[in-house]
Amino acid sequence: MYVTYLEKGVISIEYSERQQKIIDIVRNNEPITSEFIANRLNVTRATLRPDLAILTMSGMLDARPKVGYLFTGNNAINLVSEQIKKTKVSQIKSMPIVVDEQTSLYDAIVTLFLEDVGTIYIISNGYLCGVASRKDFLKNIMGGSDMHKVPVGLIMTRMPNIIMTHEDETAIEAAIKIIVHEVDSLPVVEKILQNGKEYFKVIGKVSKTNITKLFVDIGRQKV
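In terms of this note's numbering, the numbers along the sequence shown are unbroken and rise by one, the last being 223.
None of these hints come from the bench; they were simulated from the model.
Please read these numbers as outputs of a predicted model, since none were measured by experiment.
Heads up, a few of these hints could be off.
[Unchecked claim] Here are the simulated DSSO-like pairs of lysine-lysine, each with C-alpha atoms no more than 30 angstroms apart in a straight line:
#, residue 1, residue 2
1, Lys66, Lys197
2, Lys213, Lys88
3, Lys208, Lys135
4, Lys21, Lys139
5, Lys135, Lys149
6, Lys85, Lys213
7, Lys66, Lys149
8, Lys213, Lys177
9, Lys86, Lys149
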């Protein structure tokens, strides 16, 4: 997807070849499901997620539950929509909930519920090494793990399989990552180089709630 700036605060979008094919398929067959589109293009539905996210967020397509995708034809974005795309992660991030990898499952679960979050970030020597969600904790509790003896480091999703964001990324880029990878939140990280190796310090988080608040604030013209 390419963005071209026009007059009067409006921008025009030039879509990729596959995105243009998706637009044509939807326009000629609406309403249409993502499964149908994937079959027509001979790709998986997972492959299409980023393209469909961009097309719906740009207003070119409309996604309706239990109906499918519809063609709307909006190929320009007004200033309010552009404001969303200019908002940086640094402007919407919130406080992350962090525990050490040696923290017991019990203490980590207590922290999860006391802070009322869906995901906690795990650190080792001060740097991000994993994440654990409510689903991860539930799975291990049902498996009979001793919550007081098992460290959270044993059940977490480890680096490099963690989807992250950075302060200078846009809110829309973070939102697309959340949609594409089907996660509740992203750790906001600062990259640190030590002895030729990359480490990541957790300095915030962006969740679905952060994204929702941004849209509400823009709708109320507070941003």
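Each hint, compared with the structure:
no. : hint               : result
1   : Lys66 with Lys197  : violated, 47 angstroms
2   : Lys213 with Lys88  : holds, 14 angstroms
3   : Lys208 with Lys135 : holds, 17 angstroms
4   : Lys21 with Lys139  : violated, 41 angstroms
5   : Lys135 with Lys149 : holds, 19 angstroms
6   : Lys85 with Lys213  : holds, 15 angstroms
7   : Lys66 with Lys149  : violated, 45 angstroms
8   : Lys213 with Lys177 : holds, 17 angstroms
9   : Lys86 with Lys149  : violated, 46 angstroms
Checked against the numbered hints given earlier, this structure breaks hints 1, 4, 7 and 9; the rest are met.
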